[in-house]
Every structure is written in C-alpha cells, then in structure tokens.
Amino acid sequence: MMFRKISLIFLIITLSAACAFAKKEPKYGQVRQLTPEQAALVQKAVAREKVLIRSIKLRTPLVETYIQNTRPDVKLYEVPISDTYMLSRVDFGKVFTDKAFVNRPAGSSSSGKHKFFSGSLASITGLTKALGLEKFTYQPNGFMGMMFLDPTGFDTQHYVFSFVRPEFVGSVRTWVFDVHPRPEVKGMGRFYGRVWIEDEDGNIVRFNGTYTAPTSEDSSKYYFHFDSWRMNVQPGVWLPIAVYVEETTRMEGNKTVGLKAQTHFWGYSLKLPTRDSENVSIKVDDAVDNSQDSQDVGPLQASRIWVSQAENNVIDRLVEAGLVAPLTQGGYENKVLDQIVINLVVPNNLAFTDQLHTRILLTDTIETTTVGNTILISKGLIDTLPNEPAIASVVAMELAHIAMGHHIDTRYAFNDRLLFPDESTFVRINMYHNDHDNQEAAKKAMEYLQNSMYKDQLPTAGLYYAQLVDRAKALKGLTTPRLGDSLLKTDGTPWMAALQKMAPKLNWDDLTQMAALPLESWLKTDPWDDKVHQLNAKIYAPMNARDKMPFEVTPIFYKLQRYDVSRVTTPAASASGTAAPPPASDQPAAKPNDAPSSPPAEQAPAGDTNTTQQQPPAAAPNQ
Amino acid sequence: MMRQSIVALLSIVLAAGTLSARSQVVPAAAKSPFSITVGGMASAFQPDYAGVDGFVETSPYRLYGVGTYVDVRFTRWVQIEGEARWLRFNQFDHIYQDNYLIGPRFPIHHFHFLRATPYVKALGGYAKMGLGYYYAGEGNYVLVTGKFTDIAYGGGVDLKLNKRFSIRAFDFEYQQYPKFVKNSLLQGQQLFPYGASVGIGYKLF
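Sequences listed follow chains A and B, in order.
At position 208 of the first sequence (counting the first as 1) the number is 208 in the numbering used here, and the numbers step up by one without a gap.
At position 56 of the second sequence (counting the first as 1) the number is 1056 in the numbering used here, and the numbers step up by one without a gap.
Just chain A, with the same shape it has in the complex (with noise of 0.2 Å):
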C-alpha cells in the first residue's frame, strides 16, 4: 500500500515540477516608449492593416512559392539540392486558405510517355501524404500567409511597438519600427520582427522577421524568416507583392540544410467579385467584328479560322487564369521577342500566311510552347536565359513548331470545353507537344538559328541548355513544365542537345562565361493587372563564381514609389484583355544587325535594358 502511495506522489510531483519548468516565451528586446506622433503612426498602421485585409477579402490573387533546398558548398557558398513550386489562388473567404492549381498527371509529359510506374509512383506519393507520412512538407498556406503580419490579432492589444528610425525605402518615406507580441499573448504565429510604415497614411509597406514558433520544443510544424514587401498599386492601395524567405540552418535528418523562397502575387484585379471561375463570360477583348466584308471560305481557310479560334479561346483563357500576361503594346514581347521571331523568319523565307505573335506566361517555371501562331515563352525560361542567341534558340524551336504544323487540339474551338475552374487549367488545358514533334522542331530549329544572324553565337547559347542539364537534377519543380514544353528530354538531355555539343566546357572560374542567369533578372509582373515589364535595373557583371547563381533564388528588394498617374502610359486598372498584338510577320523585312547584339558582360537580350521600361501602374521594383 506504502510502495502504491509512493509511485502515485511520485507521479504527480513529476507532472507538476515538469509544468513549473515550462518554457517561458521568448525575450525580445527593450521596450522604446512611443512619442505621440509615432503612436499616432502606429495607430493608423493598424487601421490601415484591417482595411487591407477587408480589401484583400473581395479578391483572389494567384500565389506562385518556388522554394530551393540548398545545401553548404566550399566554392558556390551554396548550392540547390532540391526545390518545389507551388501555384495556388488565394481564398479568403470564411478562412484564410489557399486554392492550389492542380498539376497535369504525372505520366503526362512533354514526351508524351507515359512513364512505367508513374501512375503507381503517384498513388503511393498520394498515400503517404495521406497518412502525414512524407518526411517534410511545405504548406503553400503557409507561404501565402506571409502577405500578413497577423490577419486577425494585429493591433497594440497584442504587440508591443518600438521606433527605431525614419528610413527611405526607394522614394516612400517611412518609419520603421520593432515589432513583437506583448508577453502575456500566447500562441503561435504571431509576428516578430520589424515594420516599415509609411508617413502618409500608415501604410505598411515592408516587413521583415518571422512568426512565433510552436513553444513545444518536439512541435512538427516550422515557420521561417521572411522579408515580405507590398506596393501602391492604386491610389491608396498598397498590397502584398512579394515575399523573400531564407533559412540557413535548418535541420533535415542529420544534415544541415538551407531554404531559400520566393513568394509571388498577381492578379489582384482579374477577378474582383467572383471567388470561383465559373468562367460564364469569356472576354475576348481583341474581338473584330467581321460582319461587313462578310465573303466565302473555302475548306482551307474555314480550317485555318477554326484552328485560330481554339487559339483565341485558349489564350484567353489563360490570360483570365492569370496564367498568360496581358499584352503591353511596345512591351517586352513586342520590343524584344517579336524582334527576335523576325530576325528567325527573315532569313529562312518563312512565309506564314496568319500573323506570329509572342506571349509570356506568367509562371516562374522554366517551359515553351505554342498556340498556333503564339509563342509563349514563361517568364522563368526569360528570365534565366542570359543573352539573345539563347533567347532565340528558344523561340527558333517554337518558330519549327508553328512552321511544321503542330498545332493545339481544335477541341478548344468549342467554348464548353473552357469551362472550369482556374486551378484545373493545367489538367483540362494540354498545350505540349510530343516527342516526335519536338525532336522535328529541334531539327529544324537549328536549320533555322544556322541561317540566321546568331550562327556565330550559338556556343553561348549552348551554354544555357549545359548549365540547365548540370541542375536539371536537383531542380525538377523549375524544370517540370505545368503548360507547355519543357527544355528537356525525359532523358534529362536538351531537345536542343546539337546546341549543347557547341559550346565550350562549363567553368565556374571564367566570369566572363554566364550560362544562366537567378530567377527575375529580366522581367517583373506588375500585381495589379498581370502585364509584365523589363526591369530598369543596373545591370552588375560577377566578381566570383558565387555571383554567378544559374537558376537560383535571391533576395528581394524594391526601390518603392509612390501610385502616380502622371507616370503610368498606361491605365493600371485596365481590363485584362488580350489586345490585338501587332504582327510580327507584318513587320517590314528585318534588318537582322539592327538586333542589338550585347557582349556577355552586360548579359543584355535583345532590347535596350538601359532605355527607360514603361512604368508599372505603381512603384518601379528595381531588383
């Protein structure tokens, strides 16, 4: 009876002294009392956060996360070992949750094989997700709640404010502050960190810092550091832009590992009202009323019209979707892609008998295709390829495949077949190619780029598809295309494998050799209505081999500016239509020197980097 007495007392001291030990919450730094002015400042900031959360609430932007797993290396600093890419739409309905977009099923490829086992690979991926078995997950959710400092807490009931210093962040000028829950406010998830509020209304233009850990030490679940920015996008509208995770030191297993991410947000004006596509009305904004000179077709031509209208329908779609940008008259594509389509088409004679046209699609990942007579080219591909003669091998394949008849199904002719929801786009949208008519296009395309003006560049260009070979391995969330083409055989070889064989050995030593270039060298897309811009940023040559950085992430940092309409050529809420873009066949007969023709130093493609972009409706993001 004594022995039993004991055990239990035992017990109950034990439970008890391990609750008197508990973790306290974390210390933060010494509280600096606020001078009414900045407490005013601080008020507003937080009025300003819950009328951009209502304000967020009537709108579902896309949310595209690519993360890479690096790990330590002695020359590089580090390297990615692994990434994963995520595209979802935010919804903000009852909960704060997010809407993923669906990816095509594994066997299906730009091959066109079916790989042996995929679909059992799948099943088994699926289950053990199910189970909560996979040994590290990435929540999209998670990501996309970066845009937030505290969706429902944020205010001085919960977090402790103290001034640090007056700062220019670009032109805004702002107050920056440290931010951290009041000691007696439990939970996780909440911010801390540091804010910088804008001294005109009070809004929150970047914040910097990371989210309260779970307190049990043995807790699954992770938060990371982030540095998350927003911009003016309308008068008085600041938003979430874009957010830049790093962690250094995290443990996976027994190996250390880092993680670096970005998040992105657009399509803030695309869908105002309606949470989910019902896609009721298509707009198709370029729409020409025909009626008037209204004559026969023949076989011929009424094939060709059906063809065409598939293609309308499909861009359209994806341009709603958020997937494809709206054309910007004089934009990147016109200046510089269709530039490059006709310094192909010249030289080979191509006589196309409809208009060529170049569109970009919004995804961070590295894929191509067409769509009848448009070439879309994704803004990650762009965005690496480091000079014009790479630029041009990609759009030279397209160019074979349009040239060599591989059309889209005409199945999309018929507007039912587009009636989905967003996120299904890359299941019930198939626009890759196969393998056979890939490895035509390639064939072809190299007779093209080998009549052109970029015949005695091509060793650079292949310098790109051997830099995309050496991490096509490790990178296979950038690689994997979710629409179109990817740059790669099921193999792991480029298409463009001849292009490949042309150029010199990879060296990391020699700076003057840029094979690829980090991820949003050469584009931006503005949040607020999808157009994508060049960057009007100064362009530095590397010093050493780890500025080089071929198709990593990197830090974000905006030069912020305020909404000024005087600035903006063109109207920032525009709708989002697809304007009839010029044609690049139409274009007089190229003068293929006049194609500027940069030195790699300056790793400038086509189109002058330095000449002043068009600016986005808000602030000019200089990365």
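Don't read these hints as lab results, they were simulated from the structure.
The beta carbon of each residue, even a glycine, is placed where N, CA and C say it ideally should be.
Errors might be hidden in some of the hints.
What the hints assert, rightly or not - Going by beta-carbon spacing under 10 Å, a handful of chain A positions derived as facing chain B:
no.: 1; residue: P140
no.: 2; residue: G142
no.: 3; residue: F143
no.: 4; residue: D150
no.: 5; residue: H158
no.: 6; residue: G187
no.: 7; residue: T212
Said to hold, decoys possible - Negatives, chain A to chain B, calculated, CB over 12 Å:
no.: 8; residue: R165
no.: 9; residue: V169
no.: 10; residue: D409
no.: 11; residue: E423
no.: 12; residue: L511
no.: 13; residue: H533
Starting from the known structure of chain A, arrange chain B on it as the hints suggest.
What follows is chain B alone, placed relative to chain A:
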C-alpha cells in the same frame, strides 16, 4: 478511493493535453511526426496476490522484472504504445506476472526543461500469471497458471537525450484484472497489480 484519484488525475491531464494553441498564421512547413521508438525497461511491481489460498491481497514479495516497449507516434497527439513485461524475479511460491499490453498514449506537453514529455496511457491486453503450487490431492502439488484480461492505466515522463535516445525516467502503471478467478468461491474478485518502471528508448525513425 485510489481508483477515483487516478480517474481524476487522468481527466486533468487529458484536458490539459487537448488545449492546443491557436495559430494566427499557419506554419510554412511541417515535418512528418510519424516515428517508432523501441525500448527496454526494468520494473518493480506489487502483484496484489499473496498466494495464500488464492486470495487477493498485498504481497510482501514485490516482483521485479524486465520488459520492452514500442511507441508508435502518428501525430503529436495520436500515439500508440505496446509493451511486454516479464516479472519473474523475487518470486514467492512461483508467483509471477507477465503483461502483454497495447493502447493509446497521450503526451501532455513537450517541455524544454530536461526535454521532458510527461504522458498518460491506457492499455489493454492480457496477463499470464503464475499462481503458485496448489495441492492436487494424493500428496501432489501442481503449479497453477492463468491467463487474464489485463487493463492498465498509467503515466510517466520521457526525457529526450538526443535525436535517437530517450530515457523513460519514470513510468507508473495501475493494472486491473477484471475477471481474476482462482476458483468458484472467489468469482467476482479483481486483481489490481501496480508498479513502476524505468527504461531507455531508441528512435528507429
């Protein structure tokens, strides 16, 4: 009285365990909480059976033994423990108890202090018991054994040493054999052995 105290204790710790902290912003990543830990332990138990005419009573001879346990963790709060214990030392009149138990285990909290995890558990299974020698007539004695349903309530504290090893600093179990029957005269009798264990565990993955 003893039973009531234990029920009250279990209720308190379970209620404490279900208080989950609400997060403002959801975490960006989650590691799979699934893990399997195996371990060995040494135990000291009061068998609650003295072997005198088969009556249930506190024995002056405490049983000692060894055992093994497996903890399967599915989530932070959903865990299963299985254990086997052989209380074979310090026997009196060949009275011994073996336990084979499995059931849910609830960690209450993970503390930074000593990296301690107090837990409670409720296990079920069976016990094999040696009941001692009994007179079988004609001058013969036979060793009688029995197999009984065994329910165990308990709790303890695990201390995490490193990624792989942990110490079971203290584990208390209060067992119940609801249908402990020696002979027809004693029907309705229950046995309540109890005891404590210490051990060491190794996390397989």
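- Do the numbers back the hint for G142(A), that is, is its least Cβ distance to chain B under 10 Å? 3 Å, holds
- Hinted contact G187(A) with chain B - closest CB pair below 10 Å: 5 Å, holds
- Closest CB-CB distance from H533(A) to chain B, is it above 12 Å? 29 Å, holds
- In terms of Cβ atoms, is chain B entirely out of 12 Å range of L511(A)? At about 35 Å from chain B, L511(A) clears the 12 Å cut-off, so the statement holds.
- D150(A) as an interface hint toward chain B, with CB separation required under 10 Å: At about 5 Å, which falls below the 10 Å cut-off, the nearest Cβ of chain B leaves the hint on D150(A) intact, so it holds.
- Using Cβ atoms only, decide whether H158(A) comes closer than 10 Å to chain B, and label the hint accordingly. 9 Å, holds
- If you take the shortest Cβ to Cβ gap from P140(A) to chain B, is it below 10 Å? 9 Å, holds
- Task: Please confirm whether R165(A) is truly not at the interface, meaning its C-beta sits more than 12 Å away from all C-beta atoms of chain B.
- Result: 27 Å, holds
- Could you check that no beta carbon of chain B comes within 12 Å of the beta carbon of V169(A)? 23 Å, holds
- Query: Is the interface hint for F143(A) satisfied, with its Cβ closer than 10 Å to some Cβ of chain B?
  - Reply: 5 Å, holds
- Interface hint compliance - T212(A) to chain B, C-beta minimum distance less than 10 Å: Hint holds; T212(A) Cβ to chain B Cβ min 8 Å, cut 10 Å.
- Hey, is D409(A) genuinely clear of chain B, shortest beta carbon separation above 12 Å? 38 Å, holds
When held up to the earlier numbered hints, the structure conflicts with none and fits them all.
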